[in-house]
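Asks: Protein chains in written order, with full-length UniProt numbering: chain L, 1 to 589; chain A, 1 to 589.
Accuracy of the hints is not assured; some may be wrong.
Where chains are identical, the list cannot tell them apart; a pair therefore holds if satisfied intra-copy or between any two copies.
[Said to hold, decoys possible] Capping the alpha-carbon separation at 27 angstroms, the derived lysine-lysine pairs in DSS-like fashion look like this:
1) Lys253 x Lys5
2) Lys284 x Lys511
3) Lys511 x Lys405
4) Lys257 x Lys143
Because the hints were derived from the structure by calculation, they are not lab data.
None of the values given here were measured: they were computed from a predicted structure.
Protein chains: 2
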Amino acid sequence: MYRTKNCGELRMQHAGEQVTLAGWVQTVRKFGSITFTDLRDRYGITQLLFNEALNAELDKTPLGREFVLQVTGKVIERSSKNSKIPTGDIEVEVTQFTILNASDVPPFTIEENTDGGDELRMKYRYLDLRRPTLRRNLELRYKVNRSVRNYLDTLGFWDIETPFLIKSTPEGARDFVVPSRMNQGEFYALPQSPQTFKQLLMVSGYDRYYQIVKCFRDEDLRADRQPEFTQVDCEMSFVEQEDILNTFEGLFKHVFKDVKGVEITEAFPRMTFDDAMWHYGNDKPDIRFEMKIQNLKATGNVHCATLNGVDFKVFNEAETILAIAVPGTSDYTRKQIDELTEWVKRPQIGMTGVINIKCNADGTLKSSVDKFFNEAQLKEVATFCGANAGDMILVLAGAETRTRKAMSELRLEMGNRLGLRDHDVYKPLWVIDFPLFELDEENNRWVARHHPFTSPKPEHIELMKDLSRYAEIKANAYDIVLNGTEIGGGSIRIHQRDLQEKMFAALGMSKEEAQEKFGFLLGAFEYGAPPHGGIAFGFDRLCALLGGQETIRDFIAFPKNNSGRDVMLDAPSAIDDSQLKELGLEVKA
Amino acid sequence: MYRTKNCGELRMQHAGEQVTLAGWVQTVRKFGSITFTDLRDRYGITQLLFNEALNAELDKTPLGREFVLQVTGKVIERSSKNSKIPTGDIEVEVTQFTILNASDVPPFTIEENTDGGDELRMKYRYLDLRRPTLRRNLELRYKVNRSVRNYLDTLGFWDIETPFLIKSTPEGARDFVVPSRMNQGEFYALPQSPQTFKQLLMVSGYDRYYQIVKCFRDEDLRADRQPEFTQVDCEMSFVEQEDILNTFEGLFKHVFKDVKGVEITEAFPRMTFDDAMWHYGNDKPDIRFEMKIQNLKATGNVHCATLNGVDFKVFNEAETILAIAVPGTSDYTRKQIDELTEWVKRPQIGMTGVINIKCNADGTLKSSVDKFFNEAQLKEVATFCGANAGDMILVLAGAETRTRKAMSELRLEMGNRLGLRDHDVYKPLWVIDFPLFELDEENNRWVARHHPFTSPKPEHIELMKDLSRYAEIKANAYDIVLNGTEIGGGSIRIHQRDLQEKMFAALGMSKEEAQEKFGFLLGAFEYGAPPHGGIAFGFDRLCALLGGQETIRDFIAFPKNNSGRDVMLDAPSAIDDSQLKELGLEVKA
Numbered sequence: 001m002y003r004t005k006n007c008g009e010l011r012m013q014h015a016g017e018q019v020t021l022a023g024w025v026q027t028v029r030k031f032g033s034i035t036f037t038d039l040r041d042r043y044g045i046t047q048l049l050f051n052e053a054l055n056a057e058l059d060k061t062p063l064g065r066e067f068v069l070q071v072t073g074k075v076i077e078r079s080s081k082n083s084k085i086p087t088g089d090i091e092v093e094v095t096q097f098t099i100l101n102a103s104d105v106p107p108f109t110i111e112e113n114t115d116g117g118d119e120l121r122m123k124y125r126y127l128d129l130r131r132p133t134l135r136r137n138l139e140l141r142y143k144v145n146r147s148v149r150n151y152l153d154t155l156g157f158w159d160i161e162t163p164f165l166i167k168s169t170p171e172g173a174r175d176f177v178v179p180s181r182m183n184q185g186e187f188y189a190l191p192q193s194p195q196t197f198k199q200l201l202m203v204s205g206y207d208r209y210y211q212i213v214k215c216f217r218d219e220d221l222r223a224d225r226q227p228e229f230t231q232v233d234c235e236m237s238f239v240e241q242e243d244i245l246n247t248f249e250g251l252f253k254h255v256f257k258d259v260k261g262v263e264i265t266e267a268f269p270r271m272t273f274d275d276a277m278w279h280y281g282n283d284k285p286d287i288r289f290e291m292k293i294q295n296l297k298a299t300g301n302v303h304c305a306t307l308n309g310v311d312f313k314v315f316n317e318a319e320t321i322l323a324i325a326v327p328g329t330s331d332y333t334r335k336q337i338d339e340l341t342e343w344v345k346r347p348q349i350g351m352t353g354v355i356n357i358k359c360n361a362d363g364t365l366k367s368s369v370d371k372f373f374n375e376a377q378l379k380e381v382a383t384f385c386g387a388n389a390g391d392m393i394l395v396l397a398g399a400e401t402r403t404r405k406a407m408s409e410l411r412l413e414m415g416n417r418l419g420l421r422d423h424d425v426y427k428p429l430w431v432i433d434f435p436l437f438e439l440d441e442e443n444n445r446w447v448a449r450h451h452p453f454t455s456p457k458p459e460h461i462e463l464m465k466d467l468s469r470y471a472e473i474k475a476n477a478y479d480i481v482l483n484g485t486e487i488g489g490g491s492i493r494i495h496q497r498d499l500q501e502k503m504f505a506a507l508g509m510s511k512e513e514a515q516e517k518f519g520f521l522l523g524a525f526e527y528g529a530p531p532h533g534g535i536a537f538g539f540d541r542l543c544a545l546l547g548g549q550e551t552i553r554d555f556i557a558f559p560k561n562n563s564g565r566d567v568m569l570d571a572p573s574a575i576d577d578s579q580l581k582e583l584g585l586e587v588k589a
Numbered sequence: 001m002y003r004t005k006n007c008g009e010l011r012m013q014h015a016g017e018q019v020t021l022a023g024w025v026q027t028v029r030k031f032g033s034i035t036f037t038d039l040r041d042r043y044g045i046t047q048l049l050f051n052e053a054l055n056a057e058l059d060k061t062p063l064g065r066e067f068v069l070q071v072t073g074k075v076i077e078r079s080s081k082n083s084k085i086p087t088g089d090i091e092v093e094v095t096q097f098t099i100l101n102a103s104d105v106p107p108f109t110i111e112e113n114t115d116g117g118d119e120l121r122m123k124y125r126y127l128d129l130r131r132p133t134l135r136r137n138l139e140l141r142y143k144v145n146r147s148v149r150n151y152l153d154t155l156g157f158w159d160i161e162t163p164f165l166i167k168s169t170p171e172g173a174r175d176f177v178v179p180s181r182m183n184q185g186e187f188y189a190l191p192q193s194p195q196t197f198k199q200l201l202m203v204s205g206y207d208r209y210y211q212i213v214k215c216f217r218d219e220d221l222r223a224d225r226q227p228e229f230t231q232v233d234c235e236m237s238f239v240e241q242e243d244i245l246n247t248f249e250g251l252f253k254h255v256f257k258d259v260k261g262v263e264i265t266e267a268f269p270r271m272t273f274d275d276a277m278w279h280y281g282n283d284k285p286d287i288r289f290e291m292k293i294q295n296l297k298a299t300g301n302v303h304c305a306t307l308n309g310v311d312f313k314v315f316n317e318a319e320t321i322l323a324i325a326v327p328g329t330s331d332y333t334r335k336q337i338d339e340l341t342e343w344v345k346r347p348q349i350g351m352t353g354v355i356n357i358k359c360n361a362d363g364t365l366k367s368s369v370d371k372f373f374n375e376a377q378l379k380e381v382a383t384f385c386g387a388n389a390g391d392m393i394l395v396l397a398g399a400e401t402r403t404r405k406a407m408s409e410l411r412l413e414m415g416n417r418l419g420l421r422d423h424d425v426y427k428p429l430w431v432i433d434f435p436l437f438e439l440d441e442e443n444n445r446w447v448a449r450h451h452p453f454t455s456p457k458p459e460h461i462e463l464m465k466d467l468s469r470y471a472e473i474k475a476n477a478y479d480i481v482l483n484g485t486e487i488g489g490g491s492i493r494i495h496q497r498d499l500q501e502k503m504f505a506a507l508g509m510s511k512e513e514a515q516e517k518f519g520f521l522l523g524a525f526e527y528g529a530p531p532h533g534g535i536a537f538g539f540d541r542l543c544a545l546l547g548g549q550e551t552i553r554d555f556i557a558f559p560k561n562n563s564g565r566d567v568m569l570d571a572p573s574a575i576d577d578s579q580l581k582e583l584g585l586e587v588k589a
């Protein structure tokens with residue numbers, strides 16, 4: 001061993017001890033004939049003191065930032081203590097040192113806040129990983145991993161590995177494929193998830209399965225998506241939805257407590273998909289704050305009766321009119337309101353404007369549509385919206401889907417502005433009763449909202465005969481949502497061959513295609529498949545949320561950039577002609 | 001929940017309780033008006049008793065093997081107990097049952113010993129996985145996984161995930177490659193191991209890393225190799241070889257105790273590579289038994305002086321003459337000896353014959369080469385070989401490499417015949433001081449024996465200047481060997497840019513090529529790389545050994561066959577033209 005102690009463990013109780021440390025030079029500070037150095041490793045920072053004698057040696061072989069240094073010396077009490085670091089009471093008076101490796105000057109500073117740009121830090125990822133923020137993130141990730149495992153181990157879940165070289169069955173997202181050399185012209189695919197394998201394990205009687213596993217999706221990368229990502233994948237047999245929600249609610253409570261010290265005692269709220277869309281405009285509501293959406297008019301039906309008496313073309317023609325009452329903003333200035341208008345007009349939001357009704361502290365109302373509403377009418381709207389004095393009501397009107405989405409975004413934006421979305425507050429909930437299908441408008445066909453293995457609610461199976469009623473069919477599917485982000489989802493699965501065949505047919509798959517792609521699963525269902533269900537969590541996202549940060553990239557040791565490139569390795573890259581030849585492939589110009 | 005208890009937990013203490021169980025029908029036995037059924041799940045088997053009333057119902061809906069059944073009933077004491085199973089004292093008198101799913105008759109029996117052939121069981125892997133032997137294997141695998149993690153967690157190793165879509169740098173084995181759609185004409189590669197990433201993590205200061213991770217090698221599959229396999233991958237900073245051997249010797253002791261209940265107190269023996277080759281003929285000696293190889297003559301040098309006085313052309317012309325003294329076989333019959341001769345003549349062994357010298361119980365000697373040796377000479381050979389009365393000495397002569405390999409095999413074969421290779425005896429050892437290079441005879445060039453990141457012993461670095469002395473250079477590399485199988489290996493790594501460049505050059509890599517393939521690592525070594533080293537274990541093999549079995553395939557949930565195919569999924573397979581087009585690829589006829 002190159003050390004007897006690490007850089008984070010020395011305390012006053014070690015004073016007088018002879019120790020050897022090894023680590024990286026964080027700083028070098030000369031004061032006349034003595035030199036102070038901070039030595040850093042994974043465990044902490046320890047101050048080193050080079051006295052006169054050694055100082056002369058240091059002049060010959062000067063230390064630089066990020067040099068790898070081994071020192072031996074005596075632990076002594078510091079004259080001026082540093083209460084900011086755990087080793088701040090002591091320092092090591094060096095009697096001997098060895099430079100184990102020198103370092104060039106790093107291209108950016110290895111500090112909490114660095115001066116390095118994104119691309120540079122990706123290229124020198126091994127240096128960026130030295131920064132305390134990334135070190136803490138990866139430590140957190142490891143702790144979450146361990147905490148998840150401990151919980152599932154205790155409940156009798158077995159970690160069982162599923163294969164990475166599987167069959168390509170593109171459904172929804174694109175597969176990454178792997179050409180086979182031994183079977184030229186044929187390809188494996190990398191798994192988008194171990195879905196069918198975990199179901200087969202249930203058919204095999206393994207009862208409770210989990211895995212923390214890499215999955216792959218060849219999608220055009222939106223911001224903060226990665227082509228390879230990590231999933232906590234779980235499945236259970238002989239369970240109903242209730243059992244799964246309870247089991248994994250327990251997992252989250254365990255992890256929150258274990259990793260963050262946050263104890264959540266109450267049951268997670270449950271909200272139907274329909275309610276979530278109605279009250280929050282999306283299926284992953286951020287319930288850290290109220291400010292629910294008020295449906296004045298929705299899909300053409302007027303709910304706020306006052307509107308019937310108002311001759312306002314914008315409202316009369318709108319399919320949907322939604323409002324939120326934003327507390328404490330009745331004093332918004334003209335400029336602030338203009339800003340909001342610009343905000344809703346951005347292409348991502350796509351509205352033409354936002355109407356406001358200020359409920360002033362003195363009880364009066366002031367609206368941007370005073371022309372069309374009398375005071376009584378405004379009052380009725382305010383009452384409908386549950387607005388209080390001091391609130392400003394924001395109203396959006398237009399086509400159903402776009403308006404609801406816009407209002408959902410506006411609500412979050414106002415939550416941000418009011419500081420209601422605190423990273424350290426955790427508000428998980430279950431969203432349940434998802435629709436089984438959703439309309440792929442681009443291709444005008446029904447696709448599985450979750451995946452084709454999700455079970456419809458038994459009472460809705462009948463509706464599968466009638467295409468016109470697909471939208472009504474609900475699934476035994478659920479998401480877990482934390483602070484406005486979906487961090488996991490699952491379902492009770494189909495375990496009967498005939499129902500699975502019905503499902504494939506409903507998705508427009510021919511019998512032959514279903515057999516070709518999923519014959520193994522249909523076959524398995526003929527030999528005693530138990531009722532089963534499960535859930536999968538996005539592990540990268542979960543870690544980012546627990547770390548109170550937005551970008552998953554900062555919680556992955558070696559991530560890809562937004563073009564799917566590893567800029568450190570320079571991958572992907574061209575391969576040798578001999579490799580292509582062996583695979584029987586040609587790259588087209 | 002479909003059950004209140006599982007099929008493995010009911011005991012006499014539960015007698016009188018009302019329970020609900022769910023599981024698979026293992027057997028159905030009718031006796032007049034009552035029916036007994038064994039219900040099976042992951043946890044065990046429970047006997048069910050269907051009395052007269054329900055029996056009539058069973059006649060209408062008969063139960064078949066592998067039906068999924070839910071039953072409710074009362075736990076009662078059995079009239080005739082079955083001490084072979086933990087639930088054998090009780091049975092459940094069924095009052096209500098539901099067939100949760102029917103089953104076709106399985107294509108082979110779901111029993112400890114099945115009647116199903118290999119291909120059939122691979123196709124219906126989900127049924128094969130129900131057999132107790134595979135269930136036990138996967139449970140063992142899971143337990144080993146957990147045990148390894150617990151040990152490493154305790155020592156402060158962090159599980160850090162490394163990427164799967166990396167850069168192709170073919171060295172030794174072939175990479176599996178993954179075409180990129182977003183960067184057409186370019187490819188990722190799947191990792192053969194996370195070697196360079198774990199080294200970068202050490203450069204980043206992560207100090208102690210581990211991962212239980214899939215790796216990929218596109219090699220022609222020998223028996224019992226898999227294109228994807230699992231590795232326990234570890235790396236430590238600021239350590240010397242001694243630290244690593246101690247740390248991972250501890251890991252093995254922990255796992256043996258934890259999983260097998262076997263306590264190994266003494267230190268693992270250490271043997272140099274040279275000694276292993278000399279005494280056992282290979283670098284993974286099975287030391288469960290002695291029977292060391294005696295080097296009568298090796299690489300042309302006579303060690304057993306008697307041979308100089310014998311005029312026996314076969315011996316005089318042989319480069320190497322090796323012997324083993326096999327205990328208790330001096331009474332081998334002519335037929336047995338003929339069999340052995342056939343055995344060594346097989347192409348895998350490739351010898352022309354085997355000479356024997358029987359050391360009879362009465363002290364006389366009898367040899368197949370009596371023509372050339374007098375009794376005194378034979379005695380001297382027997383003494384050189386350390387043979388005792390009752391032993392038979394077996395002698396092979398020929399070219400060095402082939403003869404040593406053949407004798408190594410013959411020794412193991414005799415060990416098998418004498419029952420000296422007990423699966424339940426664990427004899428681990430370290431083999432150390434491996435050569436840095438080995439000659440690739442096919443291409444007549446030196447390749448890295450371990451990998452190009454392995455550090456030469458410091459005192460041998462000088463020899464890298466002289467191609468003629470490459471064979472002498474030893475590495476700080478080590479293998480852990482268990483019962484004649486290498487289950488892991490590692491090395492102290494190079495951590496200096498100049499030495500790494502020297503190493504690449506020694507392997508015939510140009511500066512440009514080294515920079516193109518490993519520039520990121522060479523770069524990392526310029527910014528303060530610490531001394532570091534590590535080890536990796538073949539997890540599949542380790543599990544098979546701990547399970548006392550030979551084939552890793554039986555310890556993998558969904559393995560490939562010997563042509564790299566998943567016969568259950570039918571993968572690899574052709575992909576759609578549209579997929580190929582998106583990737584910019586063409587399959588050549």
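Asks: The structure should be examined with respect to each hint, and the outcome stated for every one.
Replies: Verification of the supplied hints:
no. : hint            : result
1   : Lys253 x Lys5   : between (36 angstroms within a copy, 25 angstroms between copies)
2   : Lys284 x Lys511 : neither (35 angstroms within a copy, 53 angstroms between copies)
3   : Lys511 x Lys405 : neither (37 angstroms within a copy, 56 angstroms between copies)
4   : Lys257 x Lys143 : both (12 angstroms within a copy, 26 angstroms between copies)
When the structure is compared with the earlier hints, violations turn up for hints 2, 3 and for no others.
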